[in-house]
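S.K.: Below are the chains, spelled out letter by letter.
There are 2 protein chains.
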Amino acid sequence: MTGAESLLRTLLAGGVDTCFMNPGTSEMHFIAALDRVPGLRSVLCLFEGVCSGAADGYARATGRPAATLLHLGPGLANGLSNFHNARKARSPVVCIVGEHATPHLKVEAPLTSDIQAFARTVSNHVRTAQSADDIGPATAETIAAAWGPPGEVATLIVPADYSWSKTEILGQSIAPLAVPFPCNQALDAAARLLREPGTAILLGGKSVNERALKAAGRISAATGTRIITARNVAKIASGRAFYPAPQVPYFPEAALPFLADIQNLILVEAERPVSFFAYPSTPSYMTSDSCRDFVLAARGEDGTAALEALAEGLPPVVLPSIAIPKAPMEDVGLTLDHIGLTLAALLPENSLVSDEMVSSAGKILDHLKSAAGHEFMPVTGGSIGQGLPVATGAAIGCPGRKVVALEGDGSGMYTPQSLWTMARENLNVVTVILVNRRYRILEIEMQRTGAHGFGEKAESMLDIGNPDLNWTGIARSLSVSATCATTARQFSSHFRDAIRQTGPSLIEALLE
Amino acid sequence: MTGAESLLRTLLAGGVDTCFMNPGTSEMHFIAALDRVPGLRSVLCLFEGVCSGAADGYARATGRPAATLLHLGPGLANGLSNFHNARKARSPVVCIVGEHATPHLKVEAPLTSDIQAFARTVSNHVRTAQSADDIGPATAETIAAAWGPPGEVATLIVPADYSWSKTEILGQSIAPLAVPFPCNQALDAAARLLREPGTAILLGGKSVNERALKAAGRISAATGTRIITARNVAKIASGRAFYPAPQVPYFPEAALPFLADIQNLILVEAERPVSFFAYPSTPSYMTSDSCRDFVLAARGEDGTAALEALAEGLPPVVLPSIAIPKAPMEDVGLTLDHIGLTLAALLPENSLVSDEMVSSAGKILDHLKSAAGHEFMPVTGGSIGQGLPVATGAAIGCPGRKVVALEGDGSGMYTPQSLWTMARENLNVVTVILVNRRYRILEIEMQRTGAHGFGEKAESMLDIGNPDLNWTGIARSLSVSATCATTARQFSSHFRDAIRQTGPSLIEALLE
Chain A
1 MTGAESLLRT
11 LLAGGVDTCF
21 MNPGTSEMHF
31 IAALDRVPGL
41 RSVLCLFEGV
51 CSGAADGYAR
61 ATGRPAATLL
71 HLGPGLANGL
81 SNFHNARKAR
91 SPVVCIVGEH
101 ATPHLKVEAP
111 LTSDIQAFAR
121 TVSNHVRTAQ
131 SADDIGPATA
141 ETIAAAWGPP
151 GEVATLIVPA
161 DYSWSKTEIL
171 GQSIAPLAVP
181 FPCNQALDAA
191 ARLLREPGTA
201 ILLGGKSVNE
211 RALKAAGRIS
221 AATGTRIITA
231 RNVAKIASGR
241 AFYPAPQVPY
251 FPEAALPFLA
261 DIQNLILVEA
271 ERPVSFFAYP
281 STPSYMTSDS
291 CRDFVLAARG
301 EDGTAALEAL
311 AEGLPPVVLP
321 SIAIPKAPME
331 DVGLTLDHIG
341 LTLAALLPEN
351 SLVSDEMVSS
361 AGKILDHLKS
371 AAGHEFMPVT
381 GGSIGQGLPV
391 ATGAAIGCPG
401 RKVVALEGDG
411 SGMYTPQSLW
421 TMARENLNVV
431 TVILVNRRYR
441 ILEIEMQRTG
451 AHGFGEKAES
461 MLDIGNPDLN
471 WTGIARSLSV
481 SATCATTARQ
491 FSSHFRDAIR
501 QTGPSLIEAL
511 LE
Chain B
1001 MTGAESLLRT
1011 LLAGGVDTCF
1021 MNPGTSEMHF
1031 IAALDRVPGL
1041 RSVLCLFEGV
1051 CSGAADGYAR
1061 ATGRPAATLL
1071 HLGPGLANGL
1081 SNFHNARKAR
1091 SPVVCIVGEH
1101 ATPHLKVEAP
1111 LTSDIQAFAR
1121 TVSNHVRTAQ
1131 SADDIGPATA
1141 ETIAAAWGPP
1151 GEVATLIVPA
1161 DYSWSKTEIL
1171 GQSIAPLAVP
1181 FPCNQALDAA
1191 ARLLREPGTA
1201 ILLGGKSVNE
1211 RALKAAGRIS
1221 AATGTRIITA
1231 RNVAKIASGR
1241 AFYPAPQVPY
1251 FPEAALPFLA
1261 DIQNLILVEA
1271 ERPVSFFAYP
1281 STPSYMTSDS
1291 CRDFVLAARG
1301 EDGTAALEAL
1311 AEGLPPVVLP
1321 SIAIPKAPME
1331 DVGLTLDHIG
1341 LTLAALLPEN
1351 SLVSDEMVSS
1361 AGKILDHLKS
1371 AAGHEFMPVT
1381 GGSIGQGLPV
1391 ATGAAIGCPG
1401 RKVVALEGDG
1411 SGMYTPQSLW
1421 TMARENLNVV
1431 TVILVNRRYR
1441 ILEIEMQRTG
1451 AHGFGEKAES
1461 MLDIGNPDLN
1471 WTGIARSLSV
1481 SATCATTARQ
1491 FSSHFRDAIR
1501 QTGPSLIEAL
1511 LE
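Line by line, the protein sequences are chains A and B.
So the first sequence is numbered by my numbering: it starts at 1 and just counts up by one.
So the second sequence is numbered by my numbering: it starts at 1001 and just counts up by one.
Bear in mind the hints are in silico, worked out from the structure with no lab data behind them.
Just so it is clear, CB atoms sit at the ideal spot from N, CA and C, and this is done for glycine as well.
Treat the hints with care, since some could be wrong.
Here are the simulated lysine-lysine pairs, DSBU-like style, with alpha carbons at most 30 Å apart [claimed, not checked]:
#: 1; chain 1: A; residue 1: Lys402; chain 2: A; residue 2: Lys363
#: 2; chain 1: B; residue 1: Lys1363; chain 2: B; residue 2: Lys1214
#: 3; chain 1: B; residue 1: Lys1326; chain 2: B; residue 2: Lys1214
#: 4; chain 1: A; residue 1: Lys457; chain 2: B; residue 2: Lys1402
#: 5; chain 1: B; residue 1: Lys1214; chain 2: B; residue 2: Lys1457
#: 6; chain 1: A; residue 1: Lys326; chain 2: A; residue 2: Lys363
#: 7; chain 1: A; residue 1: Lys166; chain 2: B; residue 2: Lys1457
#: 8; chain 1: A; residue 1: Lys402; chain 2: B; residue 2: Lys1106
#: 9; chain 1: B; residue 1: Lys1402; chain 2: B; residue 2: Lys1363
#: 10; chain 1: A; residue 1: Lys326; chain 2: A; residue 2: Lys369
#: 11; chain 1: A; residue 1: Lys457; chain 2: B; residue 2: Lys1166
#: 12; chain 1: A; residue 1: Lys402; chain 2: A; residue 2: Lys214
So the derived list for chain B, only partly shown, Cβ under 10 Å to chain A, looks like this [said to hold, decoys possible]:
#: 13; residue: Met1028
#: 14; residue: Phe1047
#: 15; residue: His1100
#: 16; residue: Ala1109
#: 17; residue: Ser1165
#: 18; residue: Thr1167
#: 19; residue: Ala1186
#: 20; residue: Leu1187
#: 21; residue: Ala1222
#: 22; residue: Ala1278
#: 23; residue: Ser1383
#: 24; residue: Ala1451
#: 25; residue: Lys1457
#: 26; residue: Ile1464
Make a model of the complete structure from these sequences and hints.
M.R.: Rendered as structure tokens:
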């Protein structure tokens, strides 16, 4: 077999059976091997940022790593910003990058670059295969590194000549390390703190799930401890099916009073809350100076099991009854509240929601608390362009679940190529573009940072409505069926149709 | 003034008056300063790869640096692949990247990353401002570094708190270094070689221009020396107005015999020709083992002046007369030859042509030799996604010239957001999308690399026609007027209309 075939076989043996790819010349032997080694689902993307974001979404939705196949340094470069998000989400990803044949590296061809340097910006594990025989073992190592725990983007660079050379060696699968249970001292300390006033538990990492919320709810009911959740995590169990722990607010003005009374903060796979950005007159840490942190479970430890241990013997909690809202049917100009209400009324149970709503998030998040139980995949690293790719990867990973992408009109333009992959793979993704024709978040930040630049030129840099983007047209041009809504009734009706449909669709929601 | 205002004033004082931007929160003080410090043309792009490619195009077309303004590490990451191309083109670019306020860096906020590490992948000069007072001097240094010679992508990282703090200090403009004339020994050695058999001159870098070609033509006529040109340079004087020096062929099978007889290769701002990719059975260097290289002018030296010195006293050369072709008007299926003929007939004199034709390049390049004199901006670093951004930046830099972007349907999908900026700025760009619905170049490379993967799955990874991309629809959705051509007559007619029009247009050329 070739080195490329060994790579493929080792991926499959290691449980990595999906690869998001945008290959080039150096990767042709990998592509040729797709037919010789059956079993890998290869998903073509028209831009590498779709590959990296889709792998992140796949990992968030399934908990398992997918692979990406990218072409040399520049192909990897195009994937980096969504790998940054994957890194912050602790998503396991096996990032495979082709390299020139080794004798060709000395000649400084046009595409020659320092691939390791690109990779190290987002990967702790960066490994260049040293021979055809080394490809298999290096692949197995990279898969193991991707798993963690916690998960990470692990990069394997494969020179083309090793890919096309013969080898007899496959990588031996390395079982992923078990997610460790936190030490007893951490549990004992947390148990003692639960009896103290001013104690709160912050859920983050992989512990904003149904089990963790249920255990935390029992602890809260029995001890009065506040339960709060982190914002920028891979996935959040959300909706009326789950214990309703409030989230740390986004802006410091709200986060500071929200956290002010906390004297002991028990961290479950989370860090002390910080401001997303710095501002001239607010601190970076959102808890008070007198607040002390206690790590119950570090990143990569099993915070959920730790919470269940703390909750052992405590009585179950009855969830508050939340009325199921009705989708608004008024013939009035469309607002974020209408969209939120529609989602609350119609979002199918067990949906996956990919979030890149940016400035439109607040109101819609409020309504989603009343929706059927779903998993919400928020912004993690703040790099714009993740919403549509994450939805794409989640839909590949979980074909039985409906995926809803909630996307800004500005943020959607970073990786619109995702729509084509959704169409090609006939993915069950409903994309909602929230159209306000502004970089609205920057309008807010312009004031908050004290820049106060509202002159004509500054204004025009925040204005993406000159000219208007036609999202319905963009979607249809990429073979995704699309509708446009300007009233509450239209949006409800289009959304109802969209979730009934198989395959992708897009609703351009023109906000009044 | 604020640090941001000092940055702006120093840019303008240093002759940098255009900035391609996609700002975020950390850059708001720079945006606010746009109205307080008049004179900077700020061009909004919806994706950072458009900013970096446009700055490359601006530099190639004008010879001067533009600035880019990008948001933190991930914003820079999205620009890296086109900066890779700019680096290989030796384009001067002043790359400004916002950073979190310095006290915020310790808290590991979502967007925190190692910006210097991202920047070093494409920049030799990477500088983080150390205070508000340091912003001006650091900006002046960065501009000087960008100029070179040779030009480069020089990066300045500006923490937000320095941007919003007060300063009295402006950067003192540093005059760009003069482009040095090569040393006399190099000239004497070259002059001696011109009398030897088997000598050729390879023009590269900034020396594939009208003056250099004219001087080289005189040398060739007087001495019999072969004149050849490099492929992957920033800009090539092309068309019937210029001395017709043939280009080193792309594929090794053609390049090897083309260069086989050369025993002495005089390099003018060029390196020994290498294969773009490595293949199992061809060497990396395209000249014969016995060929010796002589550097007449290194990168950053004035190769054109050196050629003129060598040609001093030699008689002028009369250019071969080339018949002006007629645009084909047959009602037959559209081919690359039809497109080439149309360009040869109708391309306006002094146009700038941005090339990302990939597999379609060969035939069209042949025809462009007969076109009116124009400047051709080819692929430099091989990173896909440069064609539309480079055209955008060239049109901003040279508003009096027609820009024609020749783009593949696959390659165009990496940075389609460029079309929106063309519409917004009403740029004189005619974009031709060459539609073959394949990654055709990979089909060729699949065979060349010996991978021979033409099974169903491999095939599908090269097939971008499932589903079809509707380029007319994409363009119109981004406010660029668009037409579709399926016959020779339609293409000629649409192209004639397009070059008469002011503002951007796109022709979707459906190849038979």
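S.K.: All hints, please: hold or fail.
M.R.: Structure-based check of each hint:
no., hint, result
1, A/Lys402 with A/Lys363, "holds (22 Å)"
2, B/Lys1363 with B/Lys1214, "holds (25 Å)"
3, B/Lys1326 with B/Lys1214, "holds (27 Å)"
4, A/Lys457 with B/Lys1402, "holds (27 Å)"
5, B/Lys1214 with B/Lys1457, "violated (51 Å)"
6, A/Lys326 with A/Lys363, "holds (17 Å)"
7, A/Lys166 with B/Lys1457, "holds (22 Å)"
8, A/Lys402 with B/Lys1106, "violated (39 Å)"
9, B/Lys1402 with B/Lys1363, "holds (22 Å)"
10, A/Lys326 with A/Lys369, "holds (14 Å)"
11, A/Lys457 with B/Lys1166, "holds (22 Å)"
12, A/Lys402 with A/Lys214, "holds (24 Å)"
13, Met1028, "holds (4 Å)"
14, Phe1047, "holds (5 Å)"
15, His1100, "holds (6 Å)"
16, Ala1109, "holds (5 Å)"
17, Ser1165, "holds (9 Å)"
18, Thr1167, "violated (15 Å)"
19, Ala1186, "violated (21 Å)"
20, Leu1187, "violated (26 Å)"
21, Ala1222, "violated (33 Å)"
22, Ala1278, "holds (4 Å)"
23, Ser1383, "holds (3 Å)"
24, Ala1451, "holds (4 Å)"
25, Lys1457, "holds (4 Å)"
26, Ile1464, "holds (7 Å)"
In this structure, the hints that do not hold are numbers 5, 8, 18, 19, 20, 21, in rising order.
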